[in-house]
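**Q** So the protein sequences, as listed, match chains A and B.
Numbering follows the working numbering, in which position 106 of the first sequence is assigned residue number 299; successive positions increment by one, without gaps.
Numbering follows the working numbering, in which position 59 of the second sequence is assigned residue number 83; successive positions increment by one, without gaps.
Quick caveat, the hints were computed from the structure, so don't treat them as lab data.
All the given hints hold, so there is nothing to weed out.
Residues from chain B that face chain A, not an exhaustive set, calculated with beta carbons under 7 Å: (1) G67; (2) P68; (3) Y70; (4) F122; (5) A124.
Where a beta carbon is used, it is the ideal one built from N, C-alpha and C, also for glycine.
Now for the letters of each chain:
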Amino acid sequence: KAGVTQTPRYLIKTRGQQVTLSCSPISGHRSVSWYQQTPGQGLQFLFEYFSETQRNKGNFPGRFSGRQFSNSRSEMNVSTLELGDSALYLCASSLDLTSGGHNEQFFGPGTRLTVL
Amino acid sequence: DAKTTQPNSMESNEEEPVHLPCNHSTISGTDYIHWYRQLPSQGPEYVIHGLTSNVNNRMASLAIAEDRKSSTLILHRATLRDAAVYYCILRDVYDMRFGAGTRLTVKP
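Isolated chain A, as found in the complex (with noise of 0.2 Å):
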């Protein structure tokens, strides 16, 4: 079974831009969850996906939004980008979370954005 894909894996982008990054999960895993990881705040929950519903949110402005499709890939989207969004940002997905924290995540390689 294949793993996790995020592209593009590599990104520069220019302050106020914005960038759209796009994450496959494994093949029947119905919810995706977004991270950001930079050295001075960790991993960082963004937002969870499930059949195409936004369920959870983290701690983000609204500058960050994502979506999911009918066949369970999710894109999230940065808007007017700014030097501190500079980070790794991790897709995970899971076969569903509702069954109370058991399943496990799947994460992928990430995407390092780079904000000049």
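Use these hints to put chain B onto chain A, whose structure you have.
**A** Only chain B this time, still in chain A's reference frame:
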């Protein structure tokens, strides 16, 4: 949010057991205790999880205190490939909240 507390770093010798502690005094009855690790330049990798009872798998063992306010991840024989940041996470229904984790260094 329920939070976890882990030591910033630990060292181990190769082929010796490693006990990685985690405190989670505000855990709720429905929180699962998950452990993930992150090797350099990779995304986090699932290690093990449990609710109340001790758990074993091919990678590690998880010992959970009777009051569930702490747990310990046990690597039975550390190898150089086990050098990573280990995260103890309380998992509720919809998301996982990562702490700073413990950086494990394995010395040959």
